[in-house]
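Q: Letter by letter, the chains look like this.
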Amino acid sequence: MTEADKLHLNRESLLDLLTQMIRVRRFEEKCAELYQAEKIRGFLHLAVGEEAVCTGVMAALAPEDAIVGTYREHGHALLRGVPAKDIMAEMFGKFEGCSKGRGGSMHLFCAEHRFFGGYAIVGGGLPLAAGMALADKMQGKPHVTVCFFGEGAAAEGVFHETMNMAALWKLPVLFICENNLYAMGTRLDLSESETDIHEKAQSYNMRSEKVDGMDVVAVEAAAARLAAMVRKGDGPAFLECRTYRFRAHSMFDPQLYRSKEEVEEWKERDPIKRLTDWMASANLLHDDDVSKIEAEADKEIADAVAFAEAGQWEPVEHMTADVYAGATS
Amino acid sequence: MNAAKNNEATELTYRDACREALRDAMSRDERVFLMGEDVGHYGGCYGVSKGLLEEFGPERIRDTPLSENGFTGLGVGAALNGMRPIVEIMTVNFSLLALDQIVNNAALLRHMSGGQFGVPLVIRMATGAGRQLAAQHSHSFEGLYAHIPGLKVLTPATLEDARGMLWTALEDPDPVIIFEHVMLYNMMGTLSADAGALPIDKAAVRREGKDVSLITYGGSLPKALAAAEELSKNGVEAEVVDLRTLRPLDDETILASVRKTRRAVIVDEGWRTGSLSAEISARIMENALWDLDAPVARVCSAEIPIPYSHHLEEAALPQTPDIVAAARGVTG
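Here the protein sequences line up with chains E and Y, keeping their order.
Using UniProt numbering, read the first sequence as starting at 1 and increasing by one per residue.
Using UniProt numbering, read the second sequence as starting at 1 and increasing by one per residue.
Just to be clear, a hint being listed does not mean it is correct.
[Stated by the list, open to error] Label-pair ranges, simulated between beta-carbon atoms:
{"no.": "1", "chain 1": "Y", "residue 1": "L96", "chain 2": "E", "residue 2": "E12", "range": "33 to 41 Å"}
{"no.": "2", "chain 1": "E", "residue 1": "G157", "chain 2": "Y", "residue 2": "D29", "range": "29 to 37 Å"}
{"no.": "3", "chain 1": "E", "residue 1": "Q255", "chain 2": "Y", "residue 2": "E54", "range": "37 to 45 Å"}
{"no.": "4", "chain 1": "Y", "residue 1": "G274", "chain 2": "E", "residue 2": "S191", "range": "32 to 40 Å"}
{"no.": "5", "chain 1": "Y", "residue 1": "S309", "chain 2": "E", "residue 2": "Q255", "range": "50 to 58 Å"}
{"no.": "6", "chain 1": "Y", "residue 1": "H147", "chain 2": "E", "residue 2": "E262", "range": "42 to 50 Å"}
{"no.": "7", "chain 1": "E", "residue 1": "E194", "chain 2": "Y", "residue 2": "L96", "range": "23 to 31 Å"}
{"no.": "8", "chain 1": "Y", "residue 1": "L96", "chain 2": "E", "residue 2": "S193", "range": "25 to 33 Å"}
{"no.": "9", "chain 1": "Y", "residue 1": "S27", "chain 2": "E", "residue 2": "G157", "range": "29 to 37 Å"}
None of these hints come from the bench; they were simulated from the model.
Cβ atoms here follow ideal geometry from the backbone N, Cα and C, with glycine treated the same way.
Could you put the whole structure together from the sequences, leaning on the hints where they help?
A: Okay, here's the thing in structure tokens:
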């Protein structure tokens, strides 16, 4: 750990990381509940267990940076600043949602926070993110485009096409591989000849690293360092975050492909528990900190649910609006 | 330049007109850049961008690796983030490799994001048969793209349109695909020196007639015009409608022509089944059935992979005699 990294290890910044992870966890747990209650429909992909990745990376970014996410992006949107109520309304399919109810869980968008969307074709967001970075570079803007994707994307041809062009043209893009070891139900070593995903990126001549994705401080430190290099004009960087999803792939997944023991083992490394324990052992956590954070998160989420409940359905006659610019029903 | 000089017509090819359109767009707007396989050092597979690398440099005339889905996706992202990219895909069959980015991203983003994000991207590609390039370089998938809401599909078939539709497409806030038929690149013609931007939402009547409407686009336009001349020798005056834009279709111009002539022959180099010609035929039935004196006829490509041998390729495509025969069939 460098001196610069240590600067962030104060109570305030650690509490903030803890707060953000708990917000995401509580938000997603509420989503699961609302799915059972049939308020949220369609596919719902939860990232419970993976919170350290989006939390650490988002903490390392500037407001002008752009985010491209996947279909497992609730936490990313929330931490980027998209209001919880707008996300929840979107999950409910309401007109007040951040995509007007057209996208749902998998397609959250928010121009104001430069959240360029959740993409549900695996790998589909990668070239788009590189193109955004190309635009920034051509326009001389010092921004970073951050592209999140799962390790499953590394099997797609477009992953390799994008790595090549991003490195070839030194584009200011930070690739964040959220490696949760399963592409839906297919274990990494059953689908990849090289299971170190960051090695693949490395072979395209870009800065590429691996980090413990269950350690939010390590993720933030690595993301901040790599983002600074990208911003400086050193070309793209790649960060593989080794993480784990505690819950099913989606709400339809009976999880036949992994053992309960494996899940329990990973739960021992729960990023929230880990940070809480560490802060406590370092005397950086007060007794009521966690309960206060949870209460505030629950209040925010309850307000979001109420907002979503009270939301409107988009009038059917609006349905054809926005297929083209300026075209209303 | 004075006005007289402005109007001086120069002789050039369709390819030159495409290049002039690119040069003009690049000069007008620094957000515009061209990206694709061999567009720079090679000068473009069909020579369209020859010389532009020297003029605008490698940042704006950007040679790409052979990564159709990848660089098309980069075009989508660059368009989302303030640029006005022109992506060139070498030939229409290769564009199938980029379908994911075109259909799943470019076409959907505005609607799926609740109107927040538009993709002002232009994709150009060569299309069609006639050069003995065989089955993997000769198809016509314009109709397939015209099926997709969120896309606009253009088929310039004249020098004026090759010169004039690109700029309008670049000004459009949504993704536009421009199909350049390979058999048009060497077509000679004249272009006024002040030729400029043209609308991209209107069909054009290229030849007036009263007896039958020949409705076509792209590489079939010269064949339809030749057929009209042939028919005229026997007293049948064909009206030739150049669709110019396949999505959105200009129903008004199509229907006005059909209501006037009361007969329609649709000439489409795509395969007949599920084709653009089928869509146009259906629209005529839906809107002008009682104005017709004969069933709508179609001249399409044979439903086979386009063959290499010259005689088979010729036989597989809509040709002037086929159009003449179809027109005679409906005019009795």
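Q: If a hint holds in the structure, say so; if it doesn't, say that too.
A: Now the hints, each set against the structure:
| no. | hint | verdict |
| --- | --- | --- |
| 1 | L96(Y) <-> E12(E): 33 to 41 Å | 54 Å, violated |
| 2 | G157(E) <-> D29(Y): 29 to 37 Å | 32 Å, holds |
| 3 | Q255(E) <-> E54(Y): 37 to 45 Å | 60 Å, violated |
| 4 | G274(Y) <-> S191(E): 32 to 40 Å | 35 Å, holds |
| 5 | S309(Y) <-> Q255(E): 50 to 58 Å | 57 Å, holds |
| 6 | H147(Y) <-> E262(E): 42 to 50 Å | 45 Å, holds |
| 7 | E194(E) <-> L96(Y): 23 to 31 Å | 28 Å, holds |
| 8 | L96(Y) <-> S193(E): 25 to 33 Å | 27 Å, holds |
| 9 | S27(Y) <-> G157(E): 29 to 37 Å | 36 Å, holds |
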